[in-house]
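**Student:** Residue strings, one per chain:
2 protein chains.
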Amino acid sequence: MSYRAPVDDMAFTLKQVAGLSEMLEQGAYPDLADDLVEAILEEAGRFATEEIAPRNAKADMEGCQLQENGTVSTPEGWKELYQTWAEGGWNALTGPEEFGGQGLPLQMAAAAMDMWNQGSMGFAIGPTLTMGSVEALEKHASKELKDKYLAKLVSGEWMGTMNLTEPSAGSDLNAMRTKAEPVGDGTYKIIGQKIFITYGDHELTDNIIHLVLARLPDAPAGTRGISLFLVPKYIVNDDGSLGEKNDLRAAGVEHKMGIHASATCTMAFGDNGGAIGWLIGEENRGLACMFTMMNNARLMVGIQGVGVAERATQQAEAYAAERKQGKRVGAPKDGEMEPILVHPDVKRNLMTMKALTEAVRSISYRCAFALDQTNLALAKGDAKSAKHWQERAGILTPIAKAFSTDIGSEVASIGVQVHGGMGYIEETGAAQHMRDARIAQIYEGTNGIQAIDLVTRKLPLSDGAAVKEMLVEMSIWAKRAAESEDGRLALCGEEMIESLEDLNFATEWLLSSLKDGKPNLALAGATPFLRLFGLTLGGILMIKGTILSSEQQHSSAAKRLALLRFYCVNLLPQTTSLLDAIVNGAESVMETDVVFDGL
Amino acid sequence: MSYRAPVDDMAFTLKQVAGLSEMLEQGAYPDLADDLVEAILEEAGRFATEEIAPRNAKADMEGCQLQENGTVSTPEGWKELYQTWAEGGWNALTGPEEFGGQGLPLQMAAAAMDMWNQGSMGFAIGPTLTMGSVEALEKHASKELKDKYLAKLVSGEWMGTMNLTEPSAGSDLNAMRTKAEPVGDGTYKIIGQKIFITYGDHELTDNIIHLVLARLPDAPAGTRGISLFLVPKYIVNDDGSLGEKNDLRAAGVEHKMGIHASATCTMAFGDNGGAIGWLIGEENRGLACMFTMMNNARLMVGIQGVGVAERATQQAEAYAAERKQGKRVGAPKDGEMEPILVHPDVKRNLMTMKALTEAVRSISYRCAFALDQTNLALAKGDAKSAKHWQERAGILTPIAKAFSTDIGSEVASIGVQVHGGMGYIEETGAAQHMRDARIAQIYEGTNGIQAIDLVTRKLPLSDGAAVKEMLVEMSIWAKRAAESEDGRLALCGEEMIESLEDLNFATEWLLSSLKDGKPNLALAGATPFLRLFGLTLGGILMIKGTILSSEQQHSSAAKRLALLRFYCVNLLPQTTSLLDAIVNGAESVMETDVVFDGL
Chain F
1 MSYRAPVDDM
11 AFTLKQVAGL
21 SEMLEQGAYP
31 DLADDLVEAI
41 LEEAGRFATE
51 EIAPRNAKAD
61 MEGCQLQENG
71 TVSTPEGWKE
81 LYQTWAEGGW
91 NALTGPEEFG
101 GQGLPLQMAA
111 AAMDMWNQGS
121 MGFAIGPTLT
131 MGSVEALEKH
141 ASKELKDKYL
151 AKLVSGEWMG
161 TMNLTEPSAG
171 SDLNAMRTKA
181 EPVGDGTYKI
191 IGQKIFITYG
201 DHELTDNIIH
211 LVLARLPDAP
221 AGTRGISLFL
231 VPKYIVNDDG
241 SLGEKNDLRA
251 AGVEHKMGIH
261 ASATCTMAFG
271 DNGGAIGWLI
281 GEENRGLACM
291 FTMMNNARLM
301 VGIQGVGVAE
311 RATQQAEAYA
321 AERKQGKRVG
331 APKDGEMEPI
341 LVHPDVKRNL
351 MTMKALTEAV
361 RSISYRCAFA
371 LDQTNLALAK
381 GDAKSAKHWQ
391 ERAGILTPIA
401 KAFSTDIGSE
411 VASIGVQVHG
421 GMGYIEETGA
431 AQHMRDARIA
441 QIYEGTNGIQ
451 AIDLVTRKLP
461 LSDGAAVKEM
471 LVEMSIWAKR
481 AAESEDGRLA
491 LCGEEMIESL
501 EDLNFATEWL
511 LSSLKDGKPN
521 LALAGATPFL
531 RLFGLTLGGI
541 LMIKGTILSS
551 EQQHSSAAKR
561 LALLRFYCVN
571 LLPQTTSLLD
581 AIVNGAESVM
591 ETDVVFDGL
Chain B
1 MSYRAPVDDM
11 AFTLKQVAGL
21 SEMLEQGAYP
31 DLADDLVEAI
41 LEEAGRFATE
51 EIAPRNAKAD
61 MEGCQLQENG
71 TVSTPEGWKE
81 LYQTWAEGGW
91 NALTGPEEFG
101 GQGLPLQMAA
111 AAMDMWNQGS
121 MGFAIGPTLT
131 MGSVEALEKH
141 ASKELKDKYL
151 AKLVSGEWMG
161 TMNLTEPSAG
171 SDLNAMRTKA
181 EPVGDGTYKI
191 IGQKIFITYG
201 DHELTDNIIH
211 LVLARLPDAP
221 AGTRGISLFL
231 VPKYIVNDDG
241 SLGEKNDLRA
251 AGVEHKMGIH
261 ASATCTMAFG
271 DNGGAIGWLI
281 GEENRGLACM
291 FTMMNNARLM
301 VGIQGVGVAE
311 RATQQAEAYA
321 AERKQGKRVG
331 APKDGEMEPI
341 LVHPDVKRNL
351 MTMKALTEAV
361 RSISYRCAFA
371 LDQTNLALAK
381 GDAKSAKHWQ
391 ERAGILTPIA
401 KAFSTDIGSE
411 VASIGVQVHG
421 GMGYIEETGA
431 AQHMRDARIA
441 QIYEGTNGIQ
451 AIDLVTRKLP
461 LSDGAAVKEM
471 LVEMSIWAKR
481 AAESEDGRLA
491 LCGEEMIESL
501 EDLNFATEWL
511 LSSLKDGKPN
521 LALAGATPFL
531 RLFGLTLGGI
541 LMIKGTILSS
551 EQQHSSAAKR
561 LALLRFYCVN
571 LLPQTTSLLD
581 AIVNGAESVM
591 ETDVVFDGL
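Protein chains in written order, with full-length UniProt numbering: chain F, 1 to 599; chain B, 1 to 599.
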């Protein structure tokens, strides 16, 4: 295993392609100098490479179990790994400075999270949830709650969880049943069961802060009757010390396909009368509080796809460079066997892995950039800019989540294939990446739901103007490439202009379908549309990276051109067939009563 | 779990689309009446549905372990299942009548194997290997060996294995090291280690017949110095009773991603001087013997993809019809939640699964038809017809193997997605299908190797005439559809004509590249070409099924048209982008030294 966090390439994509350097130059983050960015990424890369990555396979094999005493075991060394990581300040990267955080832009978190996921998806998903908890408390909790909990969540001394799902309430939270009864002293008794709770219980930290959605008595039906509560595993005394265990427990740990190092728990609240909870934000506004953190959480799950794709690619490339079978065409008959990387079919596999990984990394980092711009504009009170970037981030988020995680799985699967029979043997590690990657397409809103969000909520933003403005910006890079004197880059630009036409056409068609009262036709095309958008956007950002790296004579310039060229000629042509599926395929999706027995 | 073998649809595809009825009408199988075909399929379907399928999940959880006493454990009830199955005569379906087999066409085995794999991939792969052993012995072994072993392998009283792979000799068998030393009495001592041996050891049967590739002393280097040996687990006495244990053992059982019910063993031959083996066929001609059975084995692995796709599809559809989340667009706000199957995105997922499953089933059965035609022509001594069908089967086999297994994995992965979070929980079963399906893309020659075989060995058959004749035949069905009075079918025909143009163009381009001394360009496009071929051929066969089912007023007619229509508008347009990747993408695959550090 020769994994190494590719810090230089990631830094270039972050600074130049996403645009962090642009923000730094404009003085957006006075405390963040260019060399500090590099130093942080270098150090994160070192931690991912040396500390996290080597433990990934073993943690997968050990997994987490519910013990007889009701606690949940974690893999050997996992607690020490987490504590070393938190003590290194990594959990506090983006946390509010008021509570001990470093207040760094989300772009830095994106790059760091990319590396933690390269190291281990099962590790990185825990802190992702804590980050979300910090955000929800920071934006919605009372000063009292903030003072009591935020510092320790920011430092990582405690971890946070999100408790949304119930057996009958998954993607549709209307049916949620968990109850919250006011005690009268400002607290609530929480009673109910939640499922699929990531890092729901463990002993990595002394306390766990659960954010729980529940219904107040007489709350309106549906999602407008849901409130958000803070429910600590151990009650926190006024002096900050830990008191009694709260009335909650892990009632089960799921047996999953992957991310075995992450305990996915069924949580039982109120076996003995009710777990004590505190309201976050207003009554019946819990879903809005949750939605605040959804954007970031979705981006961070997208980055899981990026991270696992990177890891799988490195592993496959190392194997292909080492494993000898066959010879290149034309080699002497009696010559030695050569590394399989000489075979064109293996080259194609590895080029596909590398090009797609760069595409989804660029999209995800760019999404973080848009979220950072939003926060900056809000902080400045610049409403116009805030709206612009909020809409841009709104469009980018479902693409970053769904396209990146689809690619994560696809790349990890190609990685298995490159290993041949060894890929199917668990000890090799390639299968783990594929098993781990698979969940990211599902949680934080399935990729189908992301596609529906993109089509039905994001395309119509500002009556379609938001997406159209974005498409115009994208076309500028395509034209720059098409006008290049380098014939290879010019060809990429031309391919990209065609794909942009497909994307424009599909966008208009979907907007018209929605306006003309044919929402089912738009919904039927949502998934191919998200892929069409992702493929095109990824290519545009790779053009940007190629042009800028060439201008700046960055060490990655030649490689970026080769990857771009491969991408534009081999993968980008798919946009035409995706457009077909969207525009011509919808009716064939809906007129299927004969297939589904009239359902 | 509401799995049921879809016998009616399968029978129609087998008889009308593949062409079994055509052969029956021509009197190819005088003993096989139409109602016998139906009866056999019905009974196989019952066995798969009632006996195999219910044991699949539990067997996956239990797996196989190497015991301290050196034996390999199998899942509880597995031995009884296998024995009931063999006693039902299922193992003998295609075996030679001379040795107790039923001598049925391979098409019947294909449909039956489809069902065994629907029931459990981990089960079906065992008998697949026995079938291969029967074939190798029947075609190449001496009368003495046949008389001693064939009847019991045909009945399934004993099982067979194939021992090819060694740690340094996988896809490239040149480096094989296992030795065979002549004892002088007509036997050989086999010494060496083989890996990835499917059903390498178990106690389902009293004996296991290993077919082992090994090198004689002073054999030529490379694959022309490899011989094939029969090496029984227990020596068989002249009276047919079992004698001493041979000098071989399972030295390890792999910890795999899936098909846990199938023990994948490392086999050690000759720890104590040498396992006794008997030569099959001629010295140094072992690879040719192995290749005899390769075609059938590759088809049967392709059918694993078909079977697991069918099972995953049924499971996803049942879940989608039951699981309630959200409501269809336009439903009353206060209405109840509806099954997720009402959502267009879920419909798209299920239609994709169903359409692709029918496509790969049609291709696989058609491949079995071509193999049956070959055998028939050989039996008749009709050399011209034999050559024709041998070439046709040669073209169809890598497509049936690789396209079907790629689709098996893709469909199983969509199945996980339809289940949402539940799909990632092992107890649901959807994840098992995805884990199981993954191996079929790898073993019996990776799908990359199948693509290379298709492009470099099969396209050039009869100087390209074989494939061109096939393309002409395909175009006839496309034209028939295009000329249909049903506008929906006509549209499909038109789409298909376009895809056939893509396929024709790609075929010519690849043949030219090979002729012009640019094999690397052809090799670089092999994988997208195989997919282009598979997508187009699958659609053509679905057109055939749609037209014939409509003409014959078969119950599946309306459903076949709906699936075809979905397929042609949503999936078939991919052929254009695949053509692009083949023709324009090859150089971008090869000019990548800058990416791979000059390797």
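Please keep in mind that the hints were generated in silico from the structure rather than gathered at the bench.
Any given hint could be a false lead.
The list makes no distinction among identical chains, and a pair is therefore deemed to hold if it is satisfied within one copy or across any two copies.
[Claimed, not checked] List of simulated lysine-lysine pairs, DSSO-like, C-alpha gap at most 27 Å: (1) 333 to 468; (2) 146 to 324; (3) 559 to 518; (4) 518 to 333; (5) 518 to 327; (6) 479 to 333; (7) 148 to 79; (8) 139 to 380; (9) 468 to 518; (10) 387 to 245; (11) 559 to 245.
**Student:** Quick one: which hint numbers does this structure break? Sort them smallest to largest.
**Tutor:** 1, 2, 6, 10 and 11
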